[in-house]
Amino acid sequence: MVKFWNRSTTPARPWTERTFWVLDLELSSLDARTGHVLSAGWVCIEHGQVRLAEAGHCLFRQSAMMGDDVSASAHLHHITDQQREQGVDLGDWLTERLARHADDLWVCHHAPLDIAFLKEQCRRFAIDWPEPKVLDTLRFEKKRLPREIPGSYRDLNLNACRRRYGLPTYRAHHAFSDALATAELCLAQVRSRLGPDPTDVDLIKAYR
Amino acid sequence: MTTADDLRDVVSFLADTLPFSALSEDDRLDVARCLTIDYIPRHQNRALDLGKQLFLIRTGAFELKTADGELVDRLGEHDLFGINTLMTGNPQGLKVYPIEDALVFKLPQADFERLCERYSPMRQFFHQVSSQRDRLGRLRVRDDRSQRLEQQLMQRVAEFASQTPVSCAFDATIREAASVMREHRVSSLLLLEGSELRGIVTDRDLRNRVVAEGLDVNQAVIGVATQEPVAIGPDALLFDAQKLMSQFQVHHLPVLDDGRPVGMITATDLIRAQQVSPLYLINDILRQTDLDALAELRHKVPALIHNWVQADIHPYEMGRVLAAIGDAFVQRCLRLAQDELGEAPFAFAWLAFGSQARMDQTFASDQDNALILGREPTHEEAEYFGRLADWVCRALDRCGYKLCPGDIMASNPRWRRTVAGWIELFDHWIDSPTPEALLNGSIFFDVRVVEGDERLLTPIQDRLVQRTPKAEIFLAMMTQTAVRNRPPLGFFRQFVVKSGGEHEDALDLKHRGVALVNDLARIHALAAGSRAVSTQERLEAAMAAGVLDRDLGHSLQEAWSLIAGLRIEEQSLAVRRGETPTSYLDPDGLNPLTRAHLKDAFGTLKRAQQAALQQFARGLHG
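Residue numbers (the UniProt record's numbering), protein chains in the order written: chain A, 1 to 208; chain B, 1 to 622.
Each statement offered as a hint is correct.
Here are the simulated lysine to any residue pairs, SDA-like style, with alpha carbons at most 20 angstroms apart:
no. : chain 1 : residue 1 : chain 2 : residue 2
1   : B       : Lys106    : B       : Phe13
2   : B       : Lys52     : A       : Arg51
3   : B       : Lys106    : A       : Gly48
4   : B       : Lys106    : A       : Gly166
5   : B       : Lys106    : B       : Thr88
6   : B       : Lys106    : B       : Ser130
7   : B       : Lys106    : A       : Glu17
8   : B       : Lys52     : A       : Glu46
9   : B       : Lys106    : B       : Cys116
So these bits of chain A aren't anywhere near chain B, every CB distance computed over 10 angstroms:
no. : residue
10  : Arg13
11  : Ser29
12  : Leu94
13  : Thr95
14  : Arg97
15  : Leu98
16  : Arg100
17  : Pro112
18  : Pro130
19  : His173
20  : Lys205
The set of hints was computed from the structure by calculation and includes no laboratory data.
Every residue, glycine too, gets a C-beta built ideally from N, C-alpha and C.
Build out the structure end to end from the sequences listed, making use of the hints.
Structure (structure tokens):
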């Protein structure tokens, strides 16, 4: 409760002064309790711009906790067995990344799914969940789509959303490409829908 | 850390984009890692704050404009900007406006510098783009009408200086120097020792230092000259020349290239530069005493046309003035030719056909000319006129009026005839018209005397006026030949031109535009028995004679003005860009209003062609 109190009294800052951690996970299924995280891609938005120097991509090592069911979807996600064996330990990655980005605003396309997986994995690795503010580019788009367009999945997938802002098509099902694509979409949304110089509080409201 | 595969979407774009495409894969990855990405929506319709970074357009479009808002360039995917700011601090004040939502990659200055350090070809490339935009920007600045006076002074000295400075040896006497000046009708004279400039003497020096002082004119002229005069380089701006002149209180500046005199620029040249008037040019043309100097004057025509285009002068007016300039060149060439070959043994008339006769010349008009001989020549006289015509046609070619590819020139003996010879020829065309003959021969019916005895043409015109209105088969054939070329209406169905082959999908404003109106005007004028030659006047005459419907006639006049105006505007721009002017128009560059007007104009041409077929070729058309 104290934590919440402190946060809400922090004065609003121009959004360009905040760091955004834009994240995409490739998953073996849609269920956080049974599925696995195959890979993660991320970029940062600083000073209102995507910085490719602050970006990364990694494949996670297949652990005892990962089932054999992975191979089918891994194929779809451009991941080979060899890559998975040489991959990063998910626990280490979570520990390092979550600490580093705890105070950032997180951005995902269809955030509930990614966040559910991250929370579940944190529980298993006994890592404190940092309670981040998360902006969901899909939710933002869904709220603003004209009512006559049915809100089917097709209209809200990453490339469909990007097309509405004239953004180019990137390769699909690659965590880094999707993270970059999400970051650009987020910029496009903020720059073209939120008026001049919004604050971080304005953003959080707009993405709620 | 990201790998080349992670950044594939970015790296592969760089691989398709100059100059990054020239880098190794490792270096491209290095560049990609340095990039930041920004999204710039179109509704932010103000100039971008460029900062110190290189912009690379991933998607979207921008306009590059001068400080005064003149469009310099449109930029799209794969194009770069921000280069001038990075390299020279953008002293021109070029501005960039987003005209479509855009995603841009930015390379920070430090990384840009590092890249240029490592690869000198990179720096060269960026430098080229920068100076190209700079040049474009300057051209556009010159276009600005409101500031034309000042802008004129931003042109190079070499463009306005006399090309062949008049000079004499430095040890000549005052009298010798003065007579050289009189001979060449100049107000200043360079005194040379070998090719080195020793001094300059002017009218004013002769007045103040010689006449007023009662000096002996057999003394050396160097004694009254200004020694080691102030000079200027050919690449300096007129503005610099003006500054020097007022600073040193002189009216003449020798133009020195590498220490060698290559020209002279005078206060009068500066005034001319600021009020480019065709009268000055015509006056200049008629003053030249050698062909080299005369031919040089052709370079002044494009600047004139450019100014008229900027001042929205009606293409009809432009045509008249260009014809007057063309006539002056012919007149001067004939004079120079006779100076060399001797005076003509008897009266003749130098004829112009086609565009010069109609007075709708533009850039790069070919010469179409002929001679009417005052009487049947002897063998020697015939040879004289052959030499005269040869001399003049080749001289005109040097003056920018290209030799006629169809050999319709006075240098061809077929086109040097007596009055009776010409009447015989026209009678033949009227009595037994064939499509082939008319296709090549229609320009003979657009004829005007440029120099010589105008009365020689009168009996020929009398004959035409008397015969053509009644020559039904001739008119029918003329009409059928004329409508072979159709206006390009189909063009507007898909008004998109890809930048592929040259002129591939471009509009031909000459053959499918103005020429169609010219053809229709000619037929109606011949049917009306009018002596008018210019298309506008022919249409007027045809309407007055009741041969042409008034509404259609006025629409044709408007269509002609619009298409001819667009054509000369395009040509003028092409010349400014250093390209060869053509009559092709890229419809992509048209604004929607002009496009709609153009479509209307072509519609008018189609209606007029159909009406003419009905009127003149009834029963024969099929």
